[in-house]
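Given the coordinates of chain A, work out where chain B should sit on it, guided by the hints.
Protein chains: 2
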Amino acid sequence: MKQERSIETRNKLIRAGRVIFLKNGFANATMTQVIKEAGVGYGTAYVYFKNKDDLFYVIIEETILGLQQVGSMQFTPRSKEEAIAIIEKQATLFIEEGLRQKEMLRVVHEAIGCSTIIAKKWQQARHFFESSIARDVRYAQEHNLASRLFDAQDVAKLWFSLNEKALWDCISQDDCDATMSASLISHFYIAGLYA
Amino acid sequence: MKQERSIETRNKLIRAGRVIFLKNGFANATMTQVIKEAGVGYGTAYVYFKNKDDLFYVIIEETILGLQQVGSMQFTPRSKEEAIAIIEKQATLFIEEGLRQKEMLRVVHEAIGCSTIIAKKWQQARHFFESSIARDVRYAQEHNLASRLFDAQDVAKLWFSLNEKALWDCISQDDCDATMSASLISHFYIAGLYA
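Heads up: the sequence lines are chains A and B, in that order. For the first sequence, UniProt numbering begins at 1 and goes up steadily by one. For the second sequence, UniProt numbering begins at 1 and goes up steadily by one.
To be clear, the hints were calculated from the coordinates, so they are not data collected in a lab. Predicted, not measured: the structure shown is a model, and the values here were computed from it. For glycine and all other residues, C-beta sits at the position ideal for the given N, C-alpha and C. Treat the hints with care, as some may be off.
[Said to hold, decoys possible] Quick list of the computed label-pair ranges, beta carbon to beta carbon: (1) B:41 <-> A:23: 19 to 27 Å; (2) B:154 <-> A:41: 46 to 54 Å; (3) A:28 <-> B:36: 28 to 36 Å; (4) B:24 <-> A:25: 24 to 32 Å; (5) B:139 <-> A:194: 25 to 33 Å; (6) B:32 <-> A:39: 37 to 45 Å.
[As the list claims (entries may be wrong)] If you want the ones that stay clear, here's a sample from chain A, every Cβ over 10 Å from chain B, calculated: (7) 12; (8) 63; (9) 66; (10) 89.
Here chain A stands alone, though its shape is the one from the complex:
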């Protein structure tokens, strides 16, 4: 019973946190606002989360996982054309997934700049994406589909940075066309690696 209550209190704080962060953004949100919204005891809240950075860290878990799922799409093309088609598709899906979570990602973007903990979490996610891309680049290089001119890890960093840039740009706009954004960055990536 006590454990159930404990889980329920934690969930209340997470739900309340989501409401407050979406309403006030990261910098302007406070634990006091979250606690009031959750209707839990002031001291109790800090048993579960040390501060708002800690709480936000847990809240964005799902958001980041959604993006990472797109990042882990299978990549075993049998031809250059197939490789290009997968790349364009994946870039589009990545931005589309970002748009689906636009409001929360705007807060994530704000928090990356201000919170060391969230910056670190995003850096970990970035490593995940870069490793996944580097694996794909190596696959394409080993199967003689892509140029071996550059190190797979360097290329992966470059390609993810283009995707990340397109993501932040798109979620900050009100009328972003995911396919168009993906098409532009894919063109340069494909021209550089698959020409």
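Chain B only, in chain A's frame:
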């Protein structure tokens, strides 16, 4: 005489600010530290600068101008080969100029995330770079050197984002090779636009 003293006080604060920001970074620097370092009156300091964001804004003026000078290099190539050579040269010079100002740019990068005023200043600088690149892209497109497939402004944003990424990466490392970094990003840009 009074005006001279006033300029001298302002300069003292700027010099002291430079010392403190380089020593403590942006988030950990305080106006109190700067005032102590400058040896001016507490109340006097705030006549010149409202807060540390205001002071930092003035301090990084020069740093940003240094980068912008590289961004305004003349670009009137007569052939595709000449265009490619200028682009590679300019990307290298941009990162080299960044490395020359590495310590201050590390603080700038930190401040962009945390300070609305500094984020806005960097956004203005970014617009400067993007306009300058867009002009170059249009020149190359009009002279049938570059592909007309994409809008010059979109291409400019993409190319500056690669330069900016390479800049932040390079200044955060201790052994960055400007030529190597510039060569990687230039390869993708040139393949996409000049293939």
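Each hint tested on the structure:
The hinted window of 19 to 27 Å between residue 41 of chain B and residue 23 of chain A is violated, with their beta carbons roughly 42 Å apart. Between residue 154 of chain B and residue 41 of chain A the beta carbons are some 52 Å apart, a value that agrees with the proposed interval 46 to 54 Å. At about 31 Å, the CB distance of residue 28 of chain A to residue 36 of chain B agrees with the hint of 28 to 36 Å. The supplied range of 24 to 32 Å is met by residue 24 of chain B and residue 25 of chain A, whose beta-carbon atoms lie about 26 Å from each other.
For the hinted restraint 25 to 33 Å between residue 139 of chain B and residue 194 of chain A, the CB-CB distance of approximately 28 Å keeps it satisfied. At about 40 Å, the beta-carbon gap between residue 32 of chain B and residue 39 of chain A stays in the expected band of 37 to 45 Å. Taking the minimum C-beta to C-beta distance to chain B, about 30 Å, the non-interface status of residue 12 of chain A holds against the 10 Å cut. Distance check for residue 63 of chain A against chain B: the nearest CB is about 19 Å away, which clears 10 Å, and the non-interface claim stands.
The claim that residue 66 of chain A is not at the interface with chain B holds, since no C-beta of that chain comes within 10 Å of its own (minimum 23 Å). With a least beta-carbon separation of about 19 Å from chain B, residue 89 of chain A lies farther than 10 Å from that chain, consistent with its non-interface assignment.
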